[in-house]
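Undergrad: Line order of the protein sequences matches chains A and B. Going by our numbering, the first sequence opens with residue 60, and the numbers climb by one from there. Going by our numbering, the second sequence opens with residue 6, and the numbers climb by one from there.
In case anyone wonders, no lab produced these hints; they're calculated from the structure. Please note: incorrect hints may appear among the correct ones.
[Unchecked claim] Short derived list, chain B residues pointing at chain A, Cβ under 7 Å: (1) 95; (2) 280; (3) 286; (4) 288; (5) 291.
[Stated by the list, open to error] To list a few chain A residues with every Cβ distance to chain B over 10 Å, as calculated: (6) 93; (7) 186; (8) 304.
[Unchecked claim] Derived CB-CB ranges, DEER-like: (9) B:327 / A:324: 14 to 22 Å; (10) A:124 / B:164: 39 to 47 Å; (11) A:266 / B:190: 44 to 52 Å; (12) B:244 / A:171: 56 to 64 Å; (13) B:327 / A:157: 54 to 62 Å; (14) B:239 / A:101: 30 to 38 Å; (15) B:70 / A:346: 50 to 58 Å; (16) A:232 / B:327: 57 to 65 Å; (17) B:252 / A:124: 20 to 28 Å; (18) B:244 / A:300: 55 to 63 Å; (19) B:311 / A:153: 43 to 51 Å; (20) B:138 / A:324: 43 to 51 Å.
In this text, all values refer to a predicted model and were calculated from it rather than measured experimentally. Cβ coordinates follow ideal geometry from the N, Cα and C atoms, glycine included.
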Amino acid sequence: MVRRSAARVILAALLCGAAAASARAQTLQRLTVESFALSTDQGTPKAGAVFHLTVALNVRERVSSIENLDLPMLAQLDLLGDERQTVSGPRGTQYRETIAVSAPNGGPIAVAPATLQAIDARDGKAKQWYTNGLTLHVVATASSVLQTGAQPFFAALWFALRALLWLIAAISVVLLAVVLFRRRRAPAPLLVAAAHPMPVTPPERSRRQHAEDALTVLAAERTRAAAVVVRGAIWRMVGAAEGETLGDVLGRPQSKDLTMRGLLIALERSAFTYDDDLSGAIEDACAALRRYIDAAA
Amino acid sequence: MIAARVPSDLRLALGRTIVGQEGVIEALLLALLANGHVLLEGPPGLAKTLACRALAAALEGDFKRIQFTPDLLPSDIVGTRIFDQRESAFATVLGPIFANVVLADEINRAPAKVQSALLEAMQERQVTIGPQSYALPDPFVVMATMNPLDSEGTYALPIAQMDRFLMKVRVGYPSREEELGILERFAVTDTQPVRAVATLDDVRAWRAQAHAVHIDEKLKRYIVELVARTRDAGAVSVSSETAAPLRVAELIDYGASPRATLALAFLARGRALLDGRDFALPDDVRAVANHALRHRIGFNYRLAVEGVSPERVIDAIVASVPAP
Chain A
60 MVRRSAARVI LAALLCGAAA ASARAQTLQR LTVESFALST DQGTPKAGAV FHLTVALNVR
120 ERVSSIENLD LPMLAQLDLL GDERQTVSGP RGTQYRETIA VSAPNGGPIA VAPATLQAID
180 ARDGKAKQWY TNGLTLHVVA TASSVLQTGA QPFFAALWFA LRALLWLIAA ISVVLLAVVL
240 FRRRRAPAPL LVAAAHPMPV TPPERSRRQH AEDALTVLAA ERTRAAAVVV RGAIWRMVGA
300 AEGETLGDVL GRPQSKDLTM RGLLIALERS AFTYDDDLSG AIEDACAALR RYIDAAA
Chain B
6 MIAARVPSDL RLALGRTIVG QEGVIEALLL ALLANGHVLL EGPPGLAKTL ACRALAAALE
66 GDFKRIQFTP DLLPSDIVGT RIFDQRESAF ATVLGPIFAN VVLADEINRA PAKVQSALLE
126 AMQERQVTIG PQSYALPDPF VVMATMNPLD SEGTYALPIA QMDRFLMKVR VGYPSREEEL
186 GILERFAVTD TQPVRAVATL DDVRAWRAQA HAVHIDEKLK RYIVELVART RDAGAVSVSS
246 ETAAPLRVAE LIDYGASPRA TLALAFLARG RALLDGRDFA LPDDVRAVAN HALRHRIGFN
306 YRLAVEGVSP ERVIDAIVAS VPAP
C-alpha cells in the first residue's frame, strides 16, 4: 500500500516533469526572479489529514506561464490535488502552485526544495534556482496507527490516554499564546524560509536515480498509463524532445549504449503492444531497467 | 507468430534479381501484405518493371502484364463477350486482369476511359462484363508503373483511380555502389530467373497475420491527426528554394481522403510484421507516410512554381504532428 502510494507520488512528479522537460527541450524562459519559496499551511499535520504545500514565485517579467519549474519528489506523501495560479500585472508575475497532500504515517518528513531553470535576465546566463526545503513533523493519529498495522493494544492505550489529552490541550493553549506572542515580536515565518533567488550549481540527479524512480513506478503500477509516463521520463533522460519517435531517440548519441537501447525498445513495446502482451512487456521493461541500474552502478 | 518467409525468402529472392532499391522491394512486400495496389513512379531503366516481374515470379500465382498504350480499350483489360457461331450464343472471354499479379506497365499512356476500367477491379475486386460480374482471384494485386518525365502521349490518372492505389512509390536512381553491382551482375549475363519461394496460401496467411497486428489507441489518433493535418495544415510551413517559408495550406487544394487513414494503418501493420513485431509503432506510420499520402493530396500549381516537392510538404506535415 505504502509502496503503491509512493509510486503514485513519483508518477505524479514524473508527469509534472513532463511538461517542464518538453519546454526545456525548446528554450528556457528569460526571467528576473525576485522570490522563490516553498511553504506549508501546517508544520505538524496529522497523519491522514489533508494539508497543503505551496510554491510561490515572483518574477519581474509579465509571462503567461512559468515553465521548467520542477516540484520536489514527494515520495512519503500521498498527492491529492494540484492547483496553479499565474497572475500577471505591471509589477511582474506571481506564480503560485498549491499541492494538496496527506501523510499516511507519523514521523518527520523532509521535503526537498523545488527548482526552477531559467535564463537570468540580469546577466543572460542559464541558472537553476532552489526554494527552501521543509521538515514536517507528522503526528500519528489512532486511526493512522491502526492502519499502519499496530496491534489493538495501542488503540486501547490511546483511548485510555484520551483523558490526559484534555489536560495537554489546556497546556497547549498556554503554549500557543506564548508562540503567538513571540511571532508578533519576531515576524519571521516559522516554516517559510527566506526566499532568495540564489543561482547555484544544481546537484544533477543521476541517470541511475531516474531509472530507479522509473522502476519504482513501473513495478508498482503495472498499467499502460504508467508505462507511457516512464517511457516519457526515460526519453527525456536521453534528451529526446516531445513528439519524437523511437527511431529519432535511438539516433541520439545518448542512446548508443546497448543497455539503454534495450531499455528504450522495451519501454516502446510496453507503450504500444496489445493488452494480452502488456504484462510481459512491462516485466521486460522492468528487467531492462534493472539491467540499466546495475550497469550504471 | 511471425512468418519467417516474408523477410527472408521472398525478400532474398527479389534481392537476387534487383540490385539495391531496398525501398521498392519493401514497398512491394507491404502492398502484398496489406492487400493493396502499388503505383511505381520513376524514370526509365530503374527496374520498376523488373521488380514487379520478380515479385510475381517469386509467388506461385498467375502473372499478367498489360502494356498500356493510347489505343488500348477497356475490353482489352477486363475481357469481352463474343458471339460463338457454333453454339449460337455469346461467350465471355476473360481479360488479362484475371491474374494474381497484374503489371500495368506505363499506366499513364492509356486514356482515362481505359484506366477507369480498372476502378471496379481495384476496389471491388470484381469485373462486370455484360450482365454478369466475375470475382477476381485472391490475392489480386495491381502493380502499375509510370514515367514522370514524358508528358507527350500521356494522360493524368483520374483522382478516383489514384486514390485506389494503396501506395505510390518514387523510384530513385541507384547509388554508385549499387550501379557498380548492376554492372557486375548484368553486364555479362542475362537477368537471373526468379524461382518461386512462396505460395498463394503463404500470402493469405501473411495477410491474416498483418491484419492481426495491434494498433494502439494512441497510434490510431496519431494517424487520424496526420491525415486531418493534410486537410487543415494550420500554421505548418515548409522552406522554399525561391522565397521565404511557405504556408503548407497555400500549397494544397484538397487533403487526403479517409482511404489514406486506412492505408496508413494497413501499411504500418505490414511494416511491423516485416520487422518481426505484432504491434505497430509511430516509426512505422512515419516510414509509410509518404507512400500513403503523396498521391492522395491535391497539390496546386504553387508547389511546382516554388520548387517544393510533395515529399517535403508531407515531411513538414508529419513533423508538425507530435508522435505519441
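Undergrad: Each of the hints needs a verdict: does it hold here or not?
TA: Verification of the supplied hints:
Evaluation of the residue 95 of chain B hint against chain A yields a violated restraint, the C-beta minimum of about 53 Å exceeding 7 Å. For residue 280 of chain B, the interface hint is violated, since its Cβ never comes within 7 Å of a Cβ in chain A; the closest pair sits about 11 Å apart. About 6 Å separates the beta-carbon of residue 286 of chain B from the nearest beta-carbon of chain A, less than 7 Å, and the hint is met. The interface hint given for residue 288 of chain B holds, since its Cβ lies 4 Å from the closest Cβ of chain A, which is under the 7 Å cut-off.
Taken as an interface hint, residue 291 of chain B checks out: its beta carbon lies about 6 Å from the nearest beta carbon of chain A, inside 7 Å. No Cβ of chain B comes within 10 Å of the Cβ of residue 93 of chain A; the nearest lies about 34 Å off, and the non-interface call holds. Residue 186 of chain A, annotated as away from the interface, keeps every beta carbon of chain B farther than 10 Å; the closest lies near 29 Å. Not every CB of chain B lies more than 10 Å from the CB of residue 304 of chain A, the least distance being 4 Å, so the non-interface label is violated.
Our hint of 14 to 22 Å for residue 327 of chain B and residue 324 of chain A holds, since their Cβ atoms are close to 20 Å apart. For residue 124 of chain A paired with residue 164 of chain B, a C-beta distance near 45 Å keeps the hint of 39 to 47 Å intact. For residue 266 of chain A and residue 190 of chain B, the hinted distance range of 44 to 52 Å is satisfied, since their beta carbons lie about 48 Å from each other. A beta carbon spacing of about 45 Å between residue 244 of chain B and residue 171 of chain A contradicts the range 56 to 64 Å that was offered as a hint.
For residue 327 of chain B and residue 157 of chain A, the hinted distance range of 54 to 62 Å is not satisfied, since their beta carbons lie about 29 Å from each other. The given range of 30 to 38 Å is broken by residue 239 of chain B and residue 101 of chain A, whose C-beta atoms sit roughly 47 Å from each other. Judged by the Cβ atoms, the range 50 to 58 Å given for residue 70 of chain B and residue 346 of chain A holds: they are separated by roughly 53 Å. Hint check: residue 232 of chain A to residue 327 of chain B, Cβ distance near 58 Å, so the stated range 57 to 65 Å holds.
With their beta carbons about 27 Å apart, residue 252 of chain B and residue 124 of chain A fall inside the hinted range of 20 to 28 Å. The given range of 55 to 63 Å is broken by residue 244 of chain B and residue 300 of chain A, whose C-beta atoms sit roughly 20 Å from each other. Separation of residue 311 of chain B from residue 153 of chain A is about 47 Å and conforms to the stated range, judged on CB atoms against 43 to 51 Å. Checked against the given bound of 43 to 51 Å, the beta carbons of residue 138 of chain B and residue 324 of chain A, roughly 48 Å apart, stay inside it.
Of the hints listed earlier, those the structure fails to meet are numbers 1, 2, 8, 12, 13, 14 and 18, in rising order.
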